[in-house]
Amino acid sequence: MTDLTFSPSPGAAPRSRMIRAQTAYELRTLLRNGEQLLLILIIPVALLLLFSSAPLLDLGAGRRVDFLTPGVLALAVMSTAFTGQAIGTGFERRYGVLKRLGATPLPRSGLIIAKTLTVLAVEVLQALVICVVAAALGWSPHGNPGTVILLLLLGTAAFSGFGLLMAGTLRAEATLAAANLVYILLLALGGVIFPLTKFSGGVRSVLELLPISALADGLRQVLQHGAGFPARDLVILAVWAVLGLALAARFFSWE
Amino acid sequence: MEPLAVAVNGLVKRYGMTAAADGLSFEARSGEVTALLGPNGAGKTTTVEICEGYRRADAGSVRVLGRDPHDPELRTRIGVMLQSGGVPTHARAGEFLRLIASFYATPLDPAALLERLGLTASARTSYRRLSGGQQQRLALAAAVVGRPELVFLDEPTAGLDPQARHATWELVEDLKAAGVAVILTTHHMDEAERLADEVVIVDHGSVIASGPPSSLTGAERQLRFRARPGLGLDELLSALPPATIAKESPAGHYVIEGDLVPELLATVTAWCASNGVMTEDLRIERRTLEDVFLELTGRELRS
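Protein chains in written order, with UniProt numbering: chain Z, 1 to 255; chain H, 1 to 303.
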């Protein structure tokens with residue numbers, strides 16, 4: 001047996017090393033988790049394949065894949081930043097993981113940075129898979145990639161804020177139920193695969209204010225129609241982002 | 001002089017109307033094991049969690065390694081084992097320990113620590129598939145992997161089998177020998193008696209007794225034996241020195257307290273012989289910590 005010396009030798013690792021270790025750990029456990037993979041990868045890709053190959057819906061003028069791909073990208077962001085993060089963090093809180101990590105040298109800000117990096121890394125993976133599948137289906141995107149990235153980042157911030165707000169305030173079981181319910185509702189009502197033009201004017205103008213609608217519409221403006229700067233959608237996302245992150249910062253409880 | 005590992009003075013913590021800590025004071029030193037003993041709800045975990053920086057005291061002073069418990073620098077110097085575990089259910093044992101180790105500058109080798117605690121074969125098992133005892137040992141490993149100066153162990157052996165309990169005890173003894181201050185809470189009197197340099201008995205949020213186990217149990221010895229119920233103790237007492245006490249409690253169990261010199265033992269056995277009394281389990285022993293604990297905290301069940 002290796003000799004262990006327990007003589008005290010306290011000291012924290014460099015901050016960057018702690019964050020790197022926590023991010024690698026979060027990414028590894030997330031990609032090993034079948035339910036999370038279903039949510040973040042399999043469902044978006046399945047919806048893209050199903051609705052672009054079968055004429056189940058009248059998706060308006062233009063090719064179906066050009067309409068669907070931006071919506072599925074928006075859904076992918078929501079599933080990772082909101083649903084997955086809310087459920088994962090909610091159960092970490094419930095099992096005392098956040099509390100336990102609070103007793104290590106990893107600062108809370110470091111944990112939040114690691115979670116954010118994990119979400120971003122997963123989104124890159126999702127975007128790659130979705131773009132490859134869409135390209136195989138004949139997708140021809142337009143627009144400025146910089147604007148697309150700005151939309152995706154603002155959407156991520158908005159969904160992360162509300163995901164963490166839910167995880168840090170509700171019981172884990174309630175978070176699980178509510179996060180899934182919100183996911184289904186926003187999938188159905190947020191212009192992801194069903195165009196908002198199907199709704200009457202009054203309902204539609206309210207639904208257009210949802211973060212998922214703004215993200216899906218903004219991505220569609222750019223990628224499908226080549227718009228330069230979907231200002232209205234960017235503003236809606238920015239307001240949701242500020243609101244969600246501020247509420248999460250104010251009300252998140254670690255235990 | 002090196003500051004005390006922990007100095008708690010007049011600690012008060014209220015939850016609504018109930019005081020979880022009500023003027024509680026104790027000290028803990030480096031290279032010593034300090035055991036907080038007490039019935040459920042006595043205030044042990046509240047006290048430990050205030051020292052760990054999880055909650056704030058309503059009144060009183062708490063210093064940990066000479067600092068305020070909320071000082072972030074302490075996070076690098078203390079190790080914590082929570083009652084609730086705090087390990088993600090999907091994490092594998094080895095993976096979690098390596099993660100915690102990576103937060104420290106000069107941690108112990110996670111693989112060697114797993115080996116030491118008999119977890120090597122479970123290193124790739126996820127936390128939720130470990131047995132209760134394995135989960136406890138993993139949480140213990142995570143508390144010490146950062147080579148802390150001070151370790152808080154909240155009921156480290158609750159629910160462990162005898163082998164795992166001994167492995168935990170040996171680890172605590174090694175920590176102590178290496179100069180680490182160990183604070184543990186426990187319900188097991190034998191654990192406190194074996195490990196602790198200082199026992200702090202807590203009830204209703206305050207310390208009702210403290211000191212080394214031997215000073216709490218006292219030097220006083222008792223002669224105990226079992227025999228048929230209803231022996232004439234008055235007759236026996238008349239043959240013994242005046243200050244001696246003899247009682248039967250419960251029926252058939254006899255205790256004799258007093259100056260236990262060899263003559264007294266001879267007198268008791270001679271008296272038994274002349275009365276045709278066959279004794280069983282005749283022994284001379286000190287009071288145990290459990291006797292002291294029950295005397296101090298009462299025998300009635302706590303809700």
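One or more of the hints may lead you astray.
[Said to hold, decoys possible] Here are the simulated lysine to aspartate or glutamate pairs, EDC-like style, with alpha carbons at most 20 Å apart:
#1 99(Z) - 95(H)
#2 176(H) - 27(H)
#3 99(Z) - 73(H)
#4 99(Z) - 280(H)
#5 247(H) - 235(H)
#6 99(Z) - 68(H)
#7 99(Z) - 255(Z)
#8 99(Z) - 71(H)
#9 247(H) - 291(H)
#10 176(H) - 203(H)
#11 99(Z) - 173(Z)
#12 247(H) - 285(H)
#13 247(H) - 281(H)
#14 198(Z) - 208(Z)
#15 247(H) - 257(H)
Because the hints were derived from the structure by calculation, they are not lab data.
Against the 20 Å threshold, does the CA-CA distance of residue 247(H) and residue 291(H) hold or violate the hint? holds, 16 Å
Pair hint residue 247(H) and residue 257(H), alpha-carbon separation not exceeding 20 Å: holds, 9 Å
Does the structure keep residue 247(H) and residue 281(H) at a Cα separation of 20 Å or less?
Satisfied, since the Cα-Cα distance of roughly 16 Å is no more than 20 Å.
**OP:** Given the hint that residue 99(Z) pairs with residue 68(H), test it: the Cα-Cα distance must not exceed 20 Å.
**Re:** holds, 19 Å
20 Å limit on alpha-carbon distance, applied to hinted pair residue 247(H) and residue 285(H): holds, 16 Å
Task: Agreement of residue 247(H) and residue 235(H) with the hint, judged by alpha carbon distance not exceeding 20 Å - done: holds, 12 Å
**Message:** Checking one constraint from the list: CA of residue 198(Z) to CA of residue 208(Z), max 20 Å. Satisfied?
**Reply:** The given pair, whose Cα atoms are some 12 Å apart, holds under the 20 Å limit.
Given hint residue 95(H) paired with residue 99(Z) - CA-CA distance at most 20 Å: holds, 19 Å
Within 20 Å, alpha carbon to alpha carbon, are residue 176(H) and residue 203(H)? violated, 26 Å
Given the hint that residue 176(H) pairs with residue 27(H), does the C-alpha gap stay at or below 20 Å?
holds, 16 Å
Between residue 99(Z) and residue 173(Z), is the straight-line Cα distance small enough, at 20 Å or below?
holds, 18 Å
**Prompt:** Taken at face value, is the distance from the CA of residue 73(H) to the CA of residue 99(Z) at most 20 Å?
**Reply:** Roughly 17 Å between the alpha carbons, so the hint for residue 99(Z) and residue 73(H) holds.
Going through the hint list in order, the structure does not satisfy hints 4, 10.
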